[in-house]
Amino acid sequence: MTLTVDFTLDGAATSITVTEAAITLLDILRQQLGKTGTRAGCRNGDCGACTVLIDGEAYKSCLVPAWRVTGTTVETIQGLAPNGEPLHPVQQAFRNEDGFQCGFCLAGSVLCLVSLLRTNPDPTDQSIVDSLVGNLCRCTGYQQIMTAARAATDP
Amino acid sequence: MLIPQLTRGTIAPDVLVDLHRLPGAARLRTSAGATTLGAMVSYTTLIRDPTAPPLLRHIAQGITGGPQIRNQGTIAGSACYANPASEMPTALVASGAIMRIAGPAGTRSCGAADFFDGAFTTRLAPNEALVALDLPASTNSPDYGYCKIKRSESSWPIATATALTSGNGMLNLVLGAAVTRPVTITVPPEISTLTVATIDQAVEHQGAEWWADELADIGYRRRVAIVALTRALASLQERIVKRDRP
Amino acid sequence: MADMPGPAVGSAQWPARRLDGERFVRGAVRYLDDEIPPDCLHLSFVRGTVAHARIRGLDTSLAARVPGVRGLLTGAEAASLIKDLVALPAGFRPDVDGPVTVPCLAVDRIRYAGEPLALVVADSERTARRAAELVQVDYEPVRPLLEIDDALAPESPRLHPQLPGNELMSGVVSGGDAERALSHAPHVIEGRVDMGRGSAVPLETRGCVASWDAAEGRLLVRAAVQTPHALRADLARQLDLAESDIRVLAPPLGGGFGFKFIGLPEEPLVCLMARRLGRPVRWVECREEALLIGAREYHARYRAGFDGTGRMLGLAVDLDANVGALAANPGIGMPSVAASCFPGGYDVADYVVHWRAVLTNKGPWNGARGYGKEITALVLEAAADDIARALGVDPVEVRRRNLLHSHQLPHRTATMTIDSGDYHRALTKALDLAGYTDARARQHRRDSGSSRIGIGVAFELTPEGRDPAGGVSRGSETATVRLDTSGHATVLTGVTSPGTGSETAIAQLVAERIGIGLDRVRVVQGDTDRTPYGGGSFSSRAVLTGGTAAWKAADQLRGVLLRAAAVHFGCTEEEIEVADGTYRLAKDSSMRVSVADLARDVRAYGSARPGVAFEELEATATYMPGNLQSVPDALGRVQQYPTYSYGVYVAEAAVDLDTGSVSMRRLTAVHDCGTVVNPRMVNAQINGAIAMGIGIALCEEETYTPEGLPVNTDFKRYLLPRLPDMPHITLDHLETPSPFSLLGTKGAGESGIGGTVAAIVGAVRDAIGPGRHAIRTPLTPPRVLAQLDAMEQHA
Chain A
1 MTLTVDFTLD
11 GAATSITVTE
21 AAITLLDILR
31 QQLGKTGTRA
41 GCRNGDCGAC
51 TVLIDGEAYK
61 SCLVPAWRVT
71 GTTVETIQGL
81 APNGEPLHPV
91 QQAFRNEDGF
101 QCGFCLAGSV
111 LCLVSLLRTN
121 PDPTDQSIVD
131 SLVGNLCRCT
141 GYQQIMTAAR
151 AATDP
Chain B
1001 MLIPQLTRGT
1011 IAPDVLVDLH
1021 RLPGAARLRT
1031 SAGATTLGAM
1041 VSYTTLIRDP
1051 TAPPLLRHIA
1061 QGITGGPQIR
1071 NQGTIAGSAC
1081 YANPASEMPT
1091 ALVASGAIMR
1101 IAGPAGTRSC
1111 GAADFFDGAF
1121 TTRLAPNEAL
1131 VALDLPASTN
1141 SPDYGYCKIK
1151 RSESSWPIAT
1161 ATALTSGNGM
1171 LNLVLGAAVT
1181 RPVTITVPPE
1191 ISTLTVATID
1201 QAVEHQGAEW
1211 WADELADIGY
1221 RRRVAIVALT
1231 RALASLQERI
1241 VKRDRP
Chain C
2001 MADMPGPAVG
2011 SAQWPARRLD
2021 GERFVRGAVR
2031 YLDDEIPPDC
2041 LHLSFVRGTV
2051 AHARIRGLDT
2061 SLAARVPGVR
2071 GLLTGAEAAS
2081 LIKDLVALPA
2091 GFRPDVDGPV
2101 TVPCLAVDRI
2111 RYAGEPLALV
2121 VADSERTARR
2131 AAELVQVDYE
2141 PVRPLLEIDD
2151 ALAPESPRLH
2161 PQLPGNELMS
2171 GVVSGGDAER
2181 ALSHAPHVIE
2191 GRVDMGRGSA
2201 VPLETRGCVA
2211 SWDAAEGRLL
2221 VRAAVQTPHA
2231 LRADLARQLD
2241 LAESDIRVLA
2251 PPLGGGFGFK
2261 FIGLPEEPLV
2271 CLMARRLGRP
2281 VRWVECREEA
2291 LLIGAREYHA
2301 RYRAGFDGTG
2311 RMLGLAVDLD
2321 ANVGALAANP
2331 GIGMPSVAAS
2341 CFPGGYDVAD
2351 YVVHWRAVLT
2361 NKGPWNGARG
2371 YGKEITALVL
2381 EAAADDIARA
2391 LGVDPVEVRR
2401 RNLLHSHQLP
2411 HRTATMTIDS
2421 GDYHRALTKA
2431 LDLAGYTDAR
2441 ARQHRRDSGS
2451 SRIGIGVAFE
2461 LTPEGRDPAG
2471 GVSRGSETAT
2481 VRLDTSGHAT
2491 VLTGVTSPGT
2501 GSETAIAQLV
2511 AERIGIGLDR
2521 VRVVQGDTDR
2531 TPYGGGSFSS
2541 RAVLTGGTAA
2551 WKAADQLRGV
2561 LLRAAAVHFG
2571 CTEEEIEVAD
2581 GTYRLAKDSS
2591 MRVSVADLAR
2601 DVRAYGSARP
2611 GVAFEELEAT
2621 ATYMPGNLQS
2631 VPDALGRVQQ
2641 YPTYSYGVYV
2651 AEAAVDLDTG
2661 SVSMRRLTAV
2671 HDCGTVVNPR
2681 MVNAQINGAI
2691 AMGIGIALCE
2701 EETYTPEGLP
2711 VNTDFKRYLL
2721 PRLPDMPHIT
2731 LDHLETPSPF
2741 SLLGTKGAGE
2751 SGIGGTVAAI
2761 VGAVRDAIGP
2771 GRHAIRTPLT
2781 PPRVLAQLDA
2791 MEQHA
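As given, the protein sequences belong to chains A, B and C, one line each in that order. Going by our numbering, the first sequence opens with residue 1, and the numbers climb by one from there. Going by our numbering, the second sequence opens with residue 1001, and the numbers climb by one from there. Going by our numbering, the third sequence opens with residue 2001, and the numbers climb by one from there.
What the hints contain is simulated information worked out from the structure, not anything from laboratory work.
If the Cβ cut is set under 7 Å, some of the chain B residues that face chain A in the computed set are:
1. 1003
2. 1004
3. 1006
4. 1007
5. 1016
6. 1065
7. 1066
8. 1067
9. 1068
10. 1071
11. 1072
What the simulated footprint calls covered on chain C by chain B, stretch by stretch (three residues with Cβ under 8 Å from a Cβ of chain B suffice, anywhere in the stretch; the number is not a length):
12. 2119-2132
13. 2650-2664
14. 2712-2725
15. 2777-2787
These numbers come from a predicted model, not from an experiment. Where is the CB? At the ideal position from N, CA and C, for every residue including glycine.
Given only the sequences and the hints, what does the whole structure look like? Please build it.
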């Protein structure tokens, strides 16, 4: 099988060739497209470290076959403020509040909040929790993440 | 569950069909209270549509896995997988959903209660695809009850129960997760207590079995099944009372 | 004994934010799997599919024929190419000749489901995995031994050929005469605590990428490990290389928690294959592989003697650990540590702890944060709660009656000299913060039909800074600090950070001491070529030892600069103050010189101007905290922990009486880790530990089928706490500096696990009601429901 997949990745028109049905977006991003900021924690859709935005909505990229993203806009953590641009407000909040420790789960939480804020700029705590429930963190006990999320959503 | 099996090579299909490009597959349409869900309607689409049945929207909001799974999981997909622990099969049976199935011989319909045959088993033939689900207006009601019992946030459901009023004034309770296929128990609206015997009977009568998996054994499920049903019932009764109060 | 008094470490004045924080939020941090060298091959292990078996034969022919396969290795072949892993050094057991070893790849027997017995190296990960699945193994299954009783039964087979039985090691820790105290005590309670098997589970799994540089004759290894120097030592021995022919890089970790201690076979085998094939070889652990490894499975029986006032008069504990299949990593030391930490913060002179580590056919252990101290806390607090219940008093009273008072510290036991602390003040503070009295009042009023609130209080003693004599990673640390003529400092440290941000604290200490901004300090860690020999990260030592060593080196440089400044201004050193990146006259701050200029002076004019000494702008210092003793004293006592953090934990939980579900409402903690360098980071550590404690107490467990196959093979089955599982957390601190560490720091990396587990167990027992409870964590809903049923039957 050979499929050409054209999509927008972090603002850039991107074209990849997919030769296996089983290859995930996660693997393509990490191994072919230099998007190592999208992490692999379980490859089973449980931990959320692989989260990306597809057309603005959060997806676990380990569950997305690479061929699925034709014609879509994909955003990774590295695309929020590329080339040393000023940080996205959510990134800035995580920076200011130290909303991470090892950082492995960080992309997932940040992107879920970015997506949330685009449709709900003034979310309640419950909405924040709902948007983060798919992301596992082993370091912070989720406390700093909540602090950063609140700072990002209520500056 | 299917994608990780694919990516790990546990399953190696000869043909893979992408349903996303099926026209109308991602569309949810409600007309005169009746809702049709295309095969690719995600939980998020369901949640965001205020015309969709409240019971289904409530359940979709609480699906394990966060917004990502709500975005990428589909109601039809959950139905076809028929994992006893999944919530949607129970919700579809409770809602009296009609499954629209396409195959080489054309399209056929199958009621949800018949569609779910057992654990991970449906009446879908290998050469058929579930293309839409029709939910009748009669179950599109703001009066519902739902109870989900699970071990912790990461856990899949151990016992679920839905409660809806049926057309004839009775109450329909559907038990899920604790059994291999959803089990319906019809009770009079003034009922105050359910009995384990009633549930056991319904399970046996409807060709279901108690279900066990890594997270809970049969003994525990039988204990909490009645709790889930009782709480769903109480939740429905509360809603009715609130609605009836001027 | 005590080092000179610590200087003021101005934790309040330093910005708390993580060094490199911007790289983190941009997704720019490179973990192990983010660098794949060109031309890299991929390694996949063939793992045993039964728990216990003789291997009759192996057929790799099908696998070898898969296009893209570049290398294959069986256990038999590996035996002549790489030395076995050493689990117990020679002499550890007097009844065994030589060291007790495990092979890297199983040869004639499988000891646990998942044990590697062959490997495949191929062009892609997918190919390697598919080929590995084609390796055919002929097993002769043997009945697996999964429980301790079974493993110790006389008719059960030996699980390790070198050991006469399945008891791996055992010991006794005691003080005074426990049996006498118990026999004379007016009352005795007894109880049982079982802690289910669990694992540290960092979010990033293990991994290793190795390449052989033929031109240099050196092995370059990148590995997700907490202890790169220890890995280097092991690799040298196993591969017959000199340590200096190996460079180990430890990239930033996605969490450690003891899981990334070395001593498992995968990393050495990756290195072997890289050398054999002359190409880089990569292996990244998948989640299912990671969940083969465990820890924390303890079974404890205790007896506590007490008087009518609740004073604990004697304590006897039998502590058994099911350590699974033998492994060569420090994880097997945890039962001994657990025993050594009795009687915790309690003033009990007469106690005895008999402990055993028993081999079974479960997966091997590796380190897990808490390191045994969590079971110690759980047992002590269960006993204290039992005493309270027996006397009909509030559990707090028993703590009041028995916790050591600050004037009693330092306090010597058989295995510890507890340095400092104010346990009673912490207890009062925690209870205040938790609104304890009100909570108790509300609890009694509030008994709603289907749910009951329980409150638990627990004290946790957390010895830190361990110096494991006999191993290559010790309790000391060395740091080099270099100052350049730009006025920037580079710190080279042998500690690593598993993601805690300790490098920020280290940088703070150096910046403050030299007198430069935090943004002018770079910390280099995780590179055995560049940094001094180090112990890596374990036992919360990064700031305690690594930070202090760096501080000492920075202090030497401060001296160099002060001398240069004194010459510069023609004054005495005492007349100079250090502030805002300058050295200036205290009496006239307009007379100032920058650190950069001073550095240039030292470089250019050392012994070339009157009064200017020739000095280097580089200092190296080694630091080992006081209060360590590895040579047994006249009474045979040793102590391997220099400093003792502690905390009080108050948990409020709601128990659903119909389902057994436990829902956490509040967790209040007052913690003391001595001098705090970075308060935000300490809080962060406690929060993470609380979450781990919740996981251990309520949902995490690695279980097995009767055939010995692991059940909890992914995160749908091994249940980690998520955001909605977390209670409302309130933290506060005391700062009782340690008299034995130079800066008064004690280490904050493990505090909170045992205390949280114990407080939650206490809360659930409180909700369930009085009576004898079998405590078995995790307190899953089915277990709690069974307890409630047992209470009802009893009633």
